[in-house]
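Peer 1: The chain contents come next:
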Amino acid sequence: MSKNIRIIPRLDIKGPNLVKGVHLEGLRVLGKPEQFARYYYEAGADEIMYVDVVASLYNRNSLKDIVTKTAKNIFIPLTVAGGIRTLDDIRDILRAGADKVSLNTAAIKQPEIIKEASRKFGSSTIVVTIEAIKHNDGRYFAYTDNGREYTGIEVLSWVKKVEELGAGEIVITSVDREGTGLGFDIVLTQMVAMAVSIPVIAHGGAGCKEDIKSVIREGKADAVSISSMLHYEFVKERVLMDDYSKEGNIEFLKTGRGFSKTNPTKISEIKEYLYWENIPCRYEIQRKEVHGSQK
Amino acid sequence: MAAKSEGEVAIIDYQAGNLFSVQHACITVGLHCRIISSPNEILNACALILPGVGAFGDAMNNLRTLDLIQPLKDFASSGRPFLGICLGMQLLFSESEEFGNVKGLDIVEGRVIRFPEQNEKRKKVKIPHIGWNRIYIPKYNKSWNGTILDHIKDGEFMYFVHSFYVSPQNINQILSLTNYEGIEFCSAIIKENIFATQFHPEKSAKEGIKIFRNWAAIVKKNKESWLL
Amino acid sequence: MKEKLEVKYGLPEKVIFCKRCVMSNQRPISAIEFKHTIKSKKTTLHFDEEGICDACRYAEKKEKIDWLKREEELLKLLDKHRRNDGYYDCIVPGSGGKDSVYASHILKYKYGMHPLTITWPPLIYTDYGYKNFRNWIEIGGFDNVTFNQNRKVMKLLTRLSIENLFHPFQTFILGQKNLAPKIAVQYGIPLIFYGENEAEYGNPIADNFTSLRDKSYYTMNNLMEIYLGGISIAELIEKYNIPLVDLMAYLPPRVDDLKKTKIEVHYLGYYLKWTPQEAYYYAVEHTNFQARPFRSQGTYSKYNSIDDKIDDLYYYTTYIKFGIGRATYDASQEIRNKHLTREEGVALVRRFDGEFPDRYFREVMEYIEMDPDHFLELCDKFRSPHLWTKENGEWKLRYQVT
Chain A
242 MSKNIRIIPR LDIKGPNLVK GVHLEGLRVL GKPEQFARYY YEAGADEIMY
292 VDVVASLYNR NSLKDIVTKT AKNIFIPLTV AGGIRTLDDI RDILRAGADK
342 VSLNTAAIKQ PEIIKEASRK FGSSTIVVTI EAIKHNDGRY FAYTDNGREY
392 TGIEVLSWVK KVEELGAGEI VITSVDREGT GLGFDIVLTQ MVAMAVSIPV
442 IAHGGAGCKE DIKSVIREGK ADAVSISSML HYEFVKERVL MDDYSKEGNI
492 EFLKTGRGFS KTNPTKISEI KEYLYWENIP CRYEIQRKEV HGSQK
Chain B
64 MAAKSEGEVA IIDYQAGNLF SVQHACITVG LHCRIISSPN EILNACALIL
114 PGVGAFGDAM NNLRTLDLIQ PLKDFASSGR PFLGICLGMQ LLFSESEEFG
164 NVKGLDIVEG RVIRFPEQNE KRKKVKIPHI GWNRIYIPKY NKSWNGTILD
214 HIKDGEFMYF VHSFYVSPQN INQILSLTNY EGIEFCSAII KENIFATQFH
264 PEKSAKEGIK IFRNWAAIVK KNKESWLL
Chain C
9 MKEKLEVKYG LPEKVIFCKR CVMSNQRPIS AIEFKHTIKS KKTTLHFDEE
59 GICDACRYAE KKEKIDWLKR EEELLKLLDK HRRNDGYYDC IVPGSGGKDS
109 VYASHILKYK YGMHPLTITW PPLIYTDYGY KNFRNWIEIG GFDNVTFNQN
159 RKVMKLLTRL SIENLFHPFQ TFILGQKNLA PKIAVQYGIP LIFYGENEAE
209 YGNPIADNFT SLRDKSYYTM NNLMEIYLGG ISIAELIEKY NIPLVDLMAY
259 LPPRVDDLKK TKIEVHYLGY YLKWTPQEAY YYAVEHTNFQ ARPFRSQGTY
309 SKYNSIDDKI DDLYYYTTYI KFGIGRATYD ASQEIRNKHL TREEGVALVR
359 RFDGEFPDRY FREVMEYIEM DPDHFLELCD KFRSPHLWTK ENGEWKLRYQ
409 VT
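Protein chains in written order, with my numbering: chain A, 242 to 536; chain B, 64 to 291; chain C, 9 to 410.
Note that these hints are calculated values from the structure, not bench results. None of these values were measured; they are calculated from a predicted model. Accuracy of the hints is not assured; some may be wrong.
As the list claims (entries may be wrong) - What the simulated footprint calls covered on chain B by chain A, stretch by stretch (three residues with Cβ under 8 Å from a Cβ of chain A suffice, anywhere in the stretch; the number is not a length):
id, region
1, 76 to 86
2, 194 to 205
3, 221 to 227
4, 268 to 280
Quick reminder that beta carbons are idealized off the backbone N, C-alpha and C, glycines included.
Sequences are here, hints too, so could you generate the full structure?
Peer 2: Right, here's the structure in full:
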């Protein structure tokens with residue numbers, strides 16, 4: 242029996258706003274993160290990931306408040322990423338209510354932190370995110386700071402090291418695909434999933450349900466992290482009411498437009514699709530009772 | 064000698080993971096709880112939760128350093144409600160395979176075993192087991208009525224994250240079973256006043272909160288009988 | 009007694025930073041490039057009594073503009089020029105960057121115009137920049153006329169403009185700006201659309217409320233008044249042995265030609281509310297535009313001006329001459345568009361401004377046949393003492409934004 246795939250909405254947060262970029266670039270505001278989180282929780286999300294997108298620019302993670310607010314009444318695992326540098330940072334975020342933390346820049350600069358953190362907080366608490374960009378020769382290299390800084394480290398050797406150091410899971414992000422809706426990078430995901438024995442979460446490029454199926458079947462992902470596909474669906478339903486006076490460019494929201502690169506989809510639609518494709522996940526088919534017979 | 068209960072649920076803090084969600088799950092279902100780490104405070108609690116995430120060996124060391132081992136055993140035998148979650152459940156057992164055999168609290172007889180790297184069909188097993196999985200009523204159990212799994216559907220999804228699982232000596236103590244990559248394992252136990260789950264009910268959405276609600280009812284009933 | 013410091017380029021002696029964005033008052037506003045010599049005194053960004061720059065004031069006004077009315081003006085203008093007889097009705101200049109993609113695409117697919125895109129190629133295309141250019145044509149679907157300029161002359165003029173003005177981008181600016189009207193004249197297409205209104209960056213507020221470019225930017229009557237790379241045409245012909253015909257690409261069309269064809273130059277940004285990041289998203293959506301796969305040196309962004317390898321160097325020279333680096337430009341724009349708070353902008357400027365663009369430096373130097381060490385010597389020559397001081401053998405800006 243195959244294990245259940247997890248659908249993990251990823252919320253990029255800047256200050257008080259939820260933003261959505263392309264290639265991990267751009268700060269288009271789509272709304273308020275708490276509202277998206279609640280919507281996804283009610284809709285059957287398996288976990289939620291919060292990413293502080295400007296944390297590495299300022300060397301700090303500012304999500305503690307929203308983490309606490311969320312963890313108080315959303316009872317599914319919450320992973321927090323962005324600007325987490327030290328063991329103290331990890332402890333603070335966990336105390337604030339997070340279940341897992343994800344490291345990228347800190348892990349690459351100082352790999353030992355993975356080892357120390359997983360010893361101190363438990364392997365399963367420590368996730369490592371790898372931002373991969375494909376070079377002209379076909380090799381994938383790891384980047385940091387939201388796909389900004391070249392590290393010279395090849396993804397394949399890095400993932401193996403990450404596992405060795407004791408990380409519990411890996412998120413593999415294709416920066417080339419992220420936000421484009423052009424589909425996951427199957428080659429990249431498969432390469433990573435086959436190289437390690439810890440769970441691999443695919444991220445970057447989901448445009449439609451079929452993309453999710455592909456990255457699970459061919460990419461061998463254990464879970465998928467999705468943003469655009471879900472966010473642009475939630476945005477459709479909403480009326481612009483919130484306060485953006487402090488910061489946030491809402492020109493896009495004012496137009497009421499969508500983003501045609503992705504099919505706005507609900508979590509339930511994704512899960513139902515996976516179910517019929519024989520990909521198990523946390524989903525119950527709505528069976529209709531037929532008179533006189535048992536299900 | 065059992066002291067008069069103060070009416071609070073003790074959540075044990077032994078530096079093994081996050082207590083925030085457990086605490087908030089309790090608050091959500093109306094349980095007054097307090098995070099404690101000293102033996103004295105345990106004696107006065109009306110019920111106890113032993114949560115936890117991380118390494119078995121380190122956890123036992125912490126419990127030892129905090130002088131909590133005997134108080135926990137005493138509480139378990141006091142008949143007051145005791146809830147173990149994840150690592151908290153594993154610690155109840157006699158011994159764990161982790162890092163060469165480490166002794167546990169020995170409150171429940173049995174061992175703690177690591178998931179194999181390959182299953183019987185030689186398929187690679189990803190460890191830890193992370194994600195949602197179904198819990199089932201074991202064939203030899205009639206139902207979950209009156210337990211913390213009351214009104215939970217047979218086959219309901221719960222959230223798991225672990226690399227080891229428990230193997231109780233007494234199969235009648237197995238409350239639920241779960242299957243991961245072809246390996247069937249015990250995902251919840253029941254022993255008199257002790258309930259424990261491998262999965263995290265505080266991370267299992269609304270059905271998980273239902274489990275807390277069930278346990279809160281048990282705690283309430285138990286308190287009332289104490290006060291009589 | 010305090011020594012009076014030399015102030016180069018006619019810049020304001022005192023350095024002030026805008027209270028809203030992070031731009032300083034040392035920023036020159038669009039010069040009339042072909043009158044540009046080393047002796048030119050710069051007109052700089054104006055700050056009002058509250059310490060707020062014109063660009064920020066414009067951003068304020070932008071919120072109050074009736075954009076529906078502006079769109080109506082646009083529709084009227086387009087209706088006047090639209091042709092359905094199989095011929096182009098407007099020109100959109102660009103190199104496939106987000107702005108030209110947005111402008112051309114929206115004119116064609118939303119407003120039913122028939123643009124001819126025209127390109128003055130960058131000095132050296134970046135590979136992702138070139139891909140974006142190709143995607144513009146192939147996915148966006150446009151006819152494109154690219155003027156492949158005489159590279160021998162372009163390299164010389166680029167060298168001269170660095171040597172004499174420390175302005176690597178002058179040749180590009182001139183070539184690009186002058187190409188469109190000339191093609192317009194030749195092809196008989198009177199309507200030219202640029203994207204962003206330069207008023208967004210602080211051209212005097214009085215200019216903003218018309219959509220036409222100030223004619224002084226693109227018309228010229230007296231050849232002798234023209235300077236390229238800081239050298240007069242006369243001298244270029246005599247001393248450098250360049251025939252006039254090889255310099256024409258950098259010169260504007262004659263006024264008479266313009267009058268005959270009745271050329272009109274408009275900024276789309278006057279009619280449609282412009283947000284540079286939204287132009288990026290639009291380009292992604294409609295032509296698979298790709299951001300730079302790493303951070304631009306000297307700043308934090310990945311989506312702005314990424315197709316020319318000499319671009320980074322250009323921003324480095326503005327840092328040397330005016331104390332204003334690429335991060336300052338980017339952050340100021342993003343603050344005005346509410347993507348960033350001023351505090352964040354300050355942190356970004358302090359972290360990235362003035363980073364030396366070594367990634368493409370050697371390649372560019374080799375291409376234009378300039379000695380890299382000579383370039384570095386020039387840096388010191390062009391620093392204005394009122395902005396720079398040397399501390400422990402290292403150059404430091406006297407004033408940094410806070």
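Peer 1: Against chain A, does the region 194 to 205 of chain B show at least 3 residues with beta-carbon separation below 8 Å?
Peer 2: Held - the region 194 to 205 of chain B has 3 residues with a Cβ nearer than 8 Å to chain A, which meets the minimum of three.
Peer 1: Test coverage of the region 76 to 86 of chain B by chain A using CB-CB distances below 8 Å; three residues minimum.
Peer 2: Satisfied; 5 residues make the cut.
Peer 1: Taking 8 Å as the Cβ threshold, is the statement that the region 221 to 227 of chain B is covered by chain A upheld or broken by the three-residue rule?
Peer 2: Coverage by chain A holds here, the residue count being 4 at a Cβ distance below 8 Å.
Peer 1: Taking beta carbons only, do three or more residues of the region 268 to 280 of chain B come closer than 8 Å to chain A?
Peer 2: Coverage by chain A holds for the region 268 to 280 of chain B (4 residues, Cβ < 8 Å).
Taken one by one, the earlier hints all hold for this structure without exception.
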